[in-house]
Amino acid sequence: MTTPEAASGGRLPLEGATPADRQSLIRGARLGTLVLNGLGAFGLLAAVGFFAPRWLTYLITMSAGHGLVSLGIVCLMRGGVVPFGQGMVFAIGGYTAALLFNKLGFSDALGLALAGGVLATLIALPFAPLLARYRGIFFAMLTLALSMVTYGLGMKLDVLGGSDGFNVGRATVFGWRPPDAQVGYVLYLVTVGVATVLALLARVYFDSTRGLVTLATRDNELRVEYLGGSVRQAMMINFLIAALCGGIGGALVVLSLGHIEPQFSYWTTSGEFVFVAILAGWQSVAAVFVASMVLEVVRSFSSAYFPNTWQLALGLFLLFVIRFLPRGIGSLWIGRKR
Amino acid sequence: MSDAALLEAQGVGKRFGAVVAAADINIGVRAGERVSLIGSNGAGKTTFVNMITGYLKPDAGHIRFDGRDITALHPRTIVGLGVARSFQIPQLFGELSVLDNMLVASACQGTHMSYTKAARDAAAVARTEALLQRFALTEHRERRVSELPGGVRKLLDIAMALTVRPKLLLLDEPTSGVSAEEKFPMMDTIMAALGSQRDTTVLFVEHDMDIVERYAERVIAFYSGRIIADDVPAQALATDDVRRYVTGELLQE
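Sequence lines, in order, name chains A and B.
In terms of this note's numbering, the first sequence opens at residue 1 and continues consecutively.
In terms of this note's numbering, the second sequence opens at residue 339 and continues consecutively.
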C-alpha cells in the first residue's frame, strides 16, 4: 500500500503550512491513498471477473463472503482472543437475508447484506459484555457453544427450514433484476464491492488509536487498564465488529449460493473461518481474502481430484504455514513492524 | 509546595490471611512532595501502592486523593483522576515499538481514542517525541520493546506513566534490576524529566538508601505493615527502628 507522501508524488505541500493545515493535508492524503487503493483493487477485480470463467468468479465470490467472517476473527485476534463460533453470526446473516427474501419479498442484495450484518450484531450485543470477560479457551468455547445453539435452532425450527434448510431466489440490485447470464457476475461485483469497503474500513480501524490499543491489549491488559484504557470495552467492540462482518458475509454467501442450511453454524464451518484467519495472520487485511481464496481453491481442487482427502491437504498446508510463517501470509509483505 | 494534602490515607488496613500487609496506615502527602517508601521485603510498601492505585481494596480505612475518596474506585477511574504508576517489573507491550508503546499510553486517555484517527498521527507522534527525548529514549524509538535492555525498559515504563500527565506518580522500585553505575544517571534522567515545576507529586518505593538520601525529601519507612518512621531522610534513616528493621545496621552492630 502506498504512503500519503508517495501518493502525492512525494511532494505534499507541507512547507510553510501551519500545524493544523499540515495535519489536515496528511489526513486528506492518507484517506485519498486508501480510497485510491480500494478503487484500484475493486476495478482490477471487476475486470478480472468480467473475463474470468464462471467457476472462478464463483470461487472469488465465496472467498470474499467467507473472508469477511474471517476478517471479523482477525479483529478479535488482534486483541488476543480467537472465537471458535463465528458460524453463529455467519448463519444469522444468512438466515436473515434468506427469510427477508422469502417471507417479506425484500430482494435488494445490498439491503439484505446490511440487514444480515445488523441483525447478527444485534443478536451478538447481549452476549458481548459476558464474552468480554473471558480469554483463551474459555472465550473460544463460549462462542462455540453459542454457534451450536444456533445450529440446534436451525435444525429444529420449521421456519428456518429444519436440517435441509431452504432455497433463496435471485437478488436484485437497486431494483434491477439481472438476467440469468449476468447474475453470477453481478453478485460477484456486489460481494467484492462490499468486501472492499469493509476491508478499507478495517484497515482504517486497525491503524487507528483504538486499533493500536487493541494490539496493546493482547500484549498486556493490566498496563492498558493502568493507562486509563478499558480492555473490556475494546473486547466488546471487537466482538460486535466481528459480528457485523460475519453477518454481512453470511448474507452475501447465501445470495450467491442460493441456499441456507444449519451447517452454516456448525463447528466445522467455524473452524474453517479460524483456519483462514490463522493462515492470514493479524497484520494484513488483504491477507485475509488471499487466505480465504487459498482455502476455496484447495477445497475445490482437492474435492475434484482427491475426493475425501481435502482436509488432509488443508491440514498439511496449515502445518507448513505455522512452521514457516507463524505470523501468517500477511507477514510476507507487512514484515515484523507490528 | 502546597500545604494541602494531595493524598491522604486514614486508618488503612489490609490482611492476606494471617499476614498483615497494612495496619492502621495514616499518611498525608502534600502536592509537589518527593517521598520515598522504604522497608524490607514484605513490609507493605507495594501493597500500599497497590491500594492507592485501586489494584487492591483495603479491608479498613479510606484513601482520599485530591479531596475525593478513591478507596472503592476502579484502577482506570483512579488513573483518570490523575494517579499514574510504574512497576517493579516493567509492564510494557513487548511486541510493539517504543514509539507505539508511548502512543498507546497517549491514546488510552479518553479524548485521544478514535476509530478513524491514525495512531501515528503527526500531532500524537510529536507529543510523544518530546517525552521520549526527555527520557533519552529517542534513539530506541522504532525498536521492539522485547529487544530492549532492562534499564531502557524501566525508563520507558516510567515515561508511559508520565504520558497521562499525572498529579501523583507512583514509582515501584524504579532502579531495581539496574546496575549500580546506571542507577544514579537513571534517577537523574527521571527527575530531570519530571522538571522543576513540581506539578507532579512523586512517591517512590526504593531499597537503595543512597538513592533515597539523594532524591527523596521525605521518607516513610514500613515494617510488618506499619509505619515505623516518617521524616526527612537524614532523621528517618537515623532512627533505631529503621536501622534495625530496614537497613539492618543495628543487627550488624
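To be clear, the hints were calculated from the coordinates, so they are not data collected in a lab.
These numbers come from a predicted model, not from an experiment.
A hint or two may mislead.
Simulated pairs of lysine to any residue, SDA-like, Cα-Cα distance not exceeding 25 angstroms [stated by the list, open to error]:
{"id": "1", "chain 1": "B", "residue 1": "455", "chain 2": "A", "residue 2": "37"}
{"id": "2", "chain 1": "B", "residue 1": "505", "chain 2": "B", "residue 2": "552"}
{"id": "3", "chain 1": "B", "residue 1": "455", "chain 2": "A", "residue 2": "204"}
Now for the hints, and whether the structure bears them out:
no. : hint             : in the structure
1   : 455/B with 37/A  : 19 angstroms, holds
2   : 505/B with 552/B : 22 angstroms, holds
3   : 455/B with 204/A : 8 angstroms, holds
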